[in-house]
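Student: From first to last, the protein sequence lines are chains A and B.
Anchor point for the first sequence: position 100 equals 100 in the numbering used here, and the numbering is continuous, going up by one each time.
Position in the second sequence (first residue = 1) + 1000 = the numbering used here.
Just so you know, not all the hints are guaranteed correct.
If you anchor each label on the Cβ, the simulated ranges turn out as follows [what the hints assert, rightly or not]: (1) A/GLY120 / B/ALA1015: 50 to 58 Å; (2) A/ARG157 / B/VAL1160: 53 to 61 Å; (3) B/GLY1134 / A/ILE133: 19 to 27 Å; (4) B/ALA1039 / A/GLY120: 32 to 40 Å; (5) A/LEU135 / B/ALA1047: 15 to 23 Å.
Beyond 10 Å from chain A on every Cβ pair, some chain B residues (computed) [said to hold, decoys possible]: (6) ARG1056; (7) ASP1140; (8) VAL1155; (9) ALA1163; (10) ASP1165; (11) PRO1189.
No wet-lab data here; the hints were simulated from the structure.
Ideal placement from N, C-alpha and C gives every residue a C-beta, glycine not left out.
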Amino acid sequence: MTHNLGRAALAAMMIVCAGTAKAQITTFVASPPRKIEPAQQVAAQQREKVAQDSVARVAMTGMKEWVDSASAALAIRPDTVPTTSDTAVGTPRAATAPAPKSDSSASAGTSERQPEFRNGARAPNTATPIPVIGLAGVVLILTGMAMKPRERTARARVRR
Amino acid sequence: MMGGLPRHPLGGRRAGGTALIISGALLLIGAATSVARGAIARDAARARWAEIEAERAVAGAKLSAGGGRWSEARGTPVARVVVPRLGLDEVVVEGVGNDELRAGPGHMIGSALPGDSGTSVISAHRDRHFHALGGIAMGDTVVTESARGTVVWRVSRIRVVNADDPALDARTTPTLMLTTCWPIRYLGPAPDRLIVEAVPK
C-alpha cells in the first residue's frame, strides 16, 4: 500500500515538475512557439530599435552631464576658487586653471598641506630650522668641552 | 682605586659634559643629514631635469605659450631659474613643501609656469638655494627655462613684506615672483619675506 502511495507521489512530482525539468523528462512535450505575424514582428523589431536608440541617447546625455559635473567640481575646488579680487583683476588662470594633479602618489607619504597660489596669497614659508639646530649643536659641544677642563682642574686641586 | 678621590662631583660634571657633547654632536649630525639629503635631492632634480630637457628636445614637444593645461606631480622638476650676475642656477621643482624646498626652489602650485601668462611664483630657502637672492638689484636679468620655453626677465620690483601679508597677487600679464625669507642672515624663523618681481624683457 505504502509502495503504491510512493509511486503515485513520484508520478505526481514528475508531472508537476515536468515544465521546469523538460530536458530530463523526455515525455514532456513543450508547447510550440507562438506564430508571430510578419506585421507584428516588424512592429516588435521597430519598438526594440527605438528602445535601443533611446537607451543610447540617455547614456550619452548622462555622460555629458557627468563630464560637466566633473569639470564644475574641479572649478569649485576650495583652493582654486577665485576670490572677489580675482574676478576684479580678471585672472583667467585662477578661475580656469586645472587643479594640479591630485598627486596622491606623491603625497601618500606626507600629510603636509601645501600652500597654493591665489590672489592675495602669502609668500610660502621658506624658513628652515637647520641653522638654529646647527648652532645649538655647536653651543652644546663647546659647553660640554668647557666642562672637561674644569673636571681636570678639580681633580688636580683635590690631589693637591 | 683612584687614590680615594671623591668621585661624585667630578663624575657628575664629567657625565654632564659628555652628555652635552653627545647631544651637540647628534644635533650637528641631524643638521648635516638634512643638508646632505637636500644635496642628494637637488642632484636628483638636476639629473631629472636634464632627462626632461633631453626628452623634450628629442620629441620636439615644447608646448606653445599659453597652450595646454599645466599640472605636474609634486617634486617633479618643472623649470630652471638662472640669475647670471649672482651665479644663481637652480632647478625648480613643483610644490613648496618641506620636501620640495629641500631639493630646490619650489614652483607654487596653482601659479603660472614661467612663460605662461599670469603670475609665476618660485620660492626657496634663504640659507640654501636663494641665499644669493639677497644681492639682487633692480634691472638684473633672470632667465627661466620651462616647458613653455626660455624667458628672459628683468627685475622690476624688490620688496620686503611681513610673512603674514597677502603679498602675492594674481596678474594677467606674465610676471615672475621669486620669494624667500628675509633677512637673509637671521637666526630662527625670519619674520619677513623678500619678493623679487620680474617682467619679460
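Student: Let me make sure I understand: some of the numbered hints might not hold for this structure. Which ones are they, in numerical order?
Tutor: 5, 9, 10 and 11
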